[in-house]
Amino acid sequence: MTGAERIVAAVLGDPVDVTPVAPVLLMQGARVLGVPLGRYFGEPGRIAEGQLALLDRFGHDAVFAMPHVVQDVLPWGAGIDLHDDGPPSVNGMVLSSYEDIERVAVPDPTRHPYCRHTLRAAEALARRVKGQQLIVGAVIGPFSLPTMLMGTRKLLSLLLEPEPVRRRFLPTLLEKTTAYASRWASAQLDAGCDLVVVAEGIASATILDEATFLRDARPALERFVARTPGLLALELVGHGLPFLPHLRDLGVAGFLIGESDRVDAARRAIGPGKALIGNVNNLKLLRFEPERVEFEARRVIAAAGPGFVLSNQGPEIPWDVPDASIEALVRAARSSRPARAAA
Amino acid sequence: MWLWGSRRRAASELDVHVEPAPVAPAPSQPAEPEPEPPAGHPLADGVGSLARALHAHRARAEDARASNRALLAVTGRALELARRGGFAEVAERLSRTSTGLGDAVGEIVSATGHAAAAIESYAGSIRAFEAELAELNRQVGEIHERMAEIRGIADRTKLLALNARIEAARAGAAGVGFQVVAEEVGSLSVTTREVVSDVVAAADRIAEAIGRGAERFGENLEALAGAEAAVRVLEGAAVETDGRADALLEPTGRVQELAYGQVELQELVEQARLHGEHVDQAASALAAELAAGARAGDALWLEAAPAPARPAIRSLGAFEAAFERALVDDRPDDAARALEQALAADVAPDELLGRLAGAAQRAYNAAGPGRPTIEHFRNARILEAALERLEPLVSDGRDGPPIVIGNAWQDFHDLGRRIVVAALRADGFRVVDLGLSVRNEDLVDAAVREGATVIGVSTLLLHTAKHVPELKELLRRRGLHRIRVIAGGAPFLVDPTLRERVGADGVAFDPAGAVRLVRHLTLGQAA
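In order, the protein sequence lines correspond to chains A and B. Numbering-wise (the numbering used here), the first sequence opens with residue 1 and increments by one. Numbering-wise (the numbering used here), the second sequence opens with residue 1001 and increments by one.
For reference, chain B alone in the conformation it holds in the complex:
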């Protein structure tokens, strides 16, 4: 079970939930005196217990604040997303565009209708004028006919005049006057014929002009017919577009609804963020008050403890602060020195062990999210060295809840797993690390053998993450419903929906998150 022995329990409560507290004393400064109380000193025991309880409460307050800060980061991101892009403005513009499109198409429909009517009317006029031209052409034909008759009369007159002159010549002197008349008549008939020829030629030119005009009108009529057809097509398309513009109004309305929803969501997230800030302030104040109480308890405890029992390093708090500083600055030598000083001062190894996780979490939180892997790895190396130094000194061994962990089958990326293992071990868990590329059957067998209720699967590749649902299925088939499966690794970080899709009971994105998750699952099950 999670709680292992009364003395260890007190130590764990002191340490497991530690998170950074900006309003609390800086890690390098606290020098909170809380060495091991001498046995059989009732006042020291009582005050020491009080101080440890205050430390524990402070740690939990800081833990709550850290979680809340993570929540604040999430709401901050959500807010950023909700504010991005002016969704409401886009919806409004879309709506305006949709309405404007409908209006414009309506106008196009109306205009094309007018254009079609105008073309039709024009075509009618042209057809009427063409008929008038045909009538004119016919009348020119009649002129031709009349002129032909006149030409015939002229010809006959000329013949008569010739005959008259012949008769006048026969008549001799008596016919002289008649011959003059006959010659005039002949001359008139010639003139008449010439005039008729000119009139006929003019009528021919008129007829030709009328023919050409009629031909042009024919062409115009064809062009008009084409234009009329095009306008009809345009009119049809405009009517269809008008229908589509109407259809666009419905999704546009939905987009607007979404936009309104987004605005509301933005307000809600802002409210959540406001509440979160209040919680943060309250947790900070609480942590500060508890830290002050704990320091007062430590001071009382020091007063109560006999002087010879006070160790040279003087406090677990000082050790934790020194160790945390060494983690933040990546100074393994400083970490080792702090450890050796504490041990030389006879500070109990199990108490020191209990302080490692708190220091690690503080160091993690000091760096904030987005910390490069190499920094986690540096901390893991320092933690591993401390664990290797301390664990052999703890007579009853690490008897925290067992956790079975390994890389998924066919996954050979051990870095993340090693970092998480170090963090879990520092937090007091008994970690059974099965290493790289572990078959699901071996994970389950180990969990059953060790009595573990949590199996951790580390995976860097998407296709190895697919073994998680198979592991869940294996547990189900074997009736091991109490064993939870947690996962971690790059695919889960990149795709937040992957946890649900593979059916993992939880995922962690960093060492501190893994520790929190395992604590939650194991403590929850213990309760």
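Excised from the complex, chain A in its bound form:
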């Protein structure tokens, strides 16, 4: 099986030859090309080159057609700072008041030069590895994008405002971010991505109580999925398990889960027919020896059952994680005997 076939089989619950593995390698593209991280992110045209070099290096099953998800704020007029030892950071908030929500226009991400480079990277990867490796894109989800446009504190404040204020601003905000995220995800799918990860960093039980999730976050996710045709995978960054039962019917192909969400419990929560992707602790990769990484990966695979893709939790593998640990992750998957029974 090719890597793409393997992951698609996992998504569909079909048998696989070995457990598919998709470590989220983004910054490592700079290292493998031997360029400083800041420069790598400043030249998004090199993303495809970096991803292909990583593929040669580790032989995993997916490539990632984006430099980082912080790029999503650029079309809104926000700036980002590039660093040589970590992902970029947003250097200011676009929405400084609730009233700005009404004033701001939904930008077209395909018209921003940086994002256009990202789309070209997806096209280049599609030309090279389509059908061989799964080509993965990513967007910040509609409920979490506001945290990068106005700050987490202001978004939570808006969620807690008296009803008239909420009613005036929150639906408008979420409609705009939904329209934007949907357009951006569709553009990535059109450019050649097989699957787009929807990162919802603020919609987990780490941040929200259940009532707020059901009232505000889930409807936004449902609207986004309904208007975005294509394979999507949802990542609730943080503790997602308490909310997974509420997402069984969401039309996504899979869920990315963190270490605190046990894979067997997550499978019971979402039922069959959707992939689970995760959940080796990305920060522990920094301090575990490769043997321990392999052990942890094997343990997760054994607990997961069918429909599982081995990956890391959290947004990406940290910069300082040694190559030997990434190799151990891939090795664990390659030597695995995946469960055969249909989920």
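A hint or two may mislead.
To give an idea of the chain A side of the interface with chain B (calculated C-beta under 10 Å), a few residues [claimed, not checked]:
#1 G92
#2 Q132
#3 I207
#4 P318
Some but not every residue of chain A turned toward chain B, in silico, with C-beta under 7 Å [as the list claims (entries may be wrong)]:
#5 L82
#6 D84
#7 G86
#8 S89
#9 T152
#10 R153
#11 L156
#12 L208
#13 D209
#14 L283
Calculated from the structure, these hints are not laboratory results. Backbone N, C-alpha and C define an ideal beta-carbon position, used for all residues, glycine too.
We have chain A already, so just place chain B on it with the hints.
Positioned in the frame of chain A, the structure of chain B alone reads:
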């Protein structure tokens, strides 16, 4: 310094260590009367002081119990981990498997040896039989030779018989009898030749059969040679495996030792948990007794205080309970109402300020660990509103120990920092909040300027947490060893070893933990 003025000191002692006490009166019920004592009333002053001291002791008992409960949670988790998976059973199975593997390999070695010997013996038999066949073949050759001689005799006899008949014909009638004999002899020689031909043909068939048999034996011998070689290889591999199985015994033994250690650790953790439960019971009982004493003191105080001095809201305890309930239920309006009622009743603003932290800690503990951030944020908003209402009313300002706090350089996630700032301010600290993405130099300069002995760094991202060791290094270079650095944020929560790796003097995982940590560091330094 931490203790700021005698009256404020009394207030702080009343409030700073408050934690929930299940055996104490429910927050909505206590209505503990402890309004501001009227000046110049010695009995009221004395009883009021006693009641406040009892409140303080109760609060500390509850604080100890809360800490102990956190410890119980940790030991509970440790116990769960220690019990998980039947490590001892796994070690035992591993040991049995290792031993069984050694035995099995030994048997394989022995069996392959026997098989090799049997093959060798069989090959020897075949070789001997092949020699017998060769001898048989040789004897068939001899038969051929003898038959050739007989055929020659028959030929010569036939010739003699012919000559005899010729001679008999010459002899005429006298030779008739001799001719009959000659014809019989000729006939015998023909028969002899035919018999010899049949014998030779049979010998040829025997020779062919012997040839084919010898050929088969040759093939068998080759096959046997291959089998013998394979058995030798198998024997070698089995011997090597046997050695490895022996080598496995050593790590297996170590795993068993670990398993025994784990069992012992499990017992120790169980003992620790048992002790913790005893401490919890003792602290609960102490807190209950102190609460009862405090209520009695409050009642005495009310009796001692002249009626006109008794405020409408009647007690700081009632305010704290109402405020706590508002925090738990996320009712900012209720919190504001309780505050305004207390102020309308002329309860001193600084006393009310002193009650905020206790209420916040009780609300936090009521929710328990794993509380979503949005609930902390709701509390922070209520606390901030109360602080903004009360602080301008306090004539001497908040003069608690200064704390400098900010997000790490390049970190733009302000939520956690704002929540902690609100909790620290409510606890009486003078918080100098430098905001988002603060350079280490600015944190240090502010700490020096404000006389702070603690710098708090908030960070959501791993790579911004890396600025903590640089901050420590900067403090070291500038000789500011008395300034401690504490940190908080998601990376520290996910990776318990990160604190040590970045060299922070402490980390906190929630607002209550931050308050406890800062108290510990500042009070420790004051002592």
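Structure-based check of each hint:
1. G92: Interface hint status for A:G92: holds (8 Å vs cutoff 10 Å).
2. Q132: This interface hint is violated because 32 Å lies over the 10 Å limit.
3. I207: 5 Å, holds
4. P318: Constraint on A:P318 satisfied, holds at 6 Å.
5. L82: 10 Å, violated
6. D84: At 10 Å from the nearest chain B Cβ, A:D84 fails the 7 Å test, so the hint is violated.
7. G86: It holds, given that the least Cβ distance between A:G86 and chain B is near 3 Å, below 7 Å.
8. S89: 5 Å, holds
9. T152: Holds. Min distance 4 Å.
10. R153: This interface hint holds because 5 Å falls under the 7 Å limit.
11. L156: Constraint on A:L156 satisfied, holds at 5 Å.
12. L208: Holds, about 5 Å.
13. D209: 5 Å, holds
14. L283: 4 Å, holds
The structure shown violates the earlier hints numbered 2, 5, 6.
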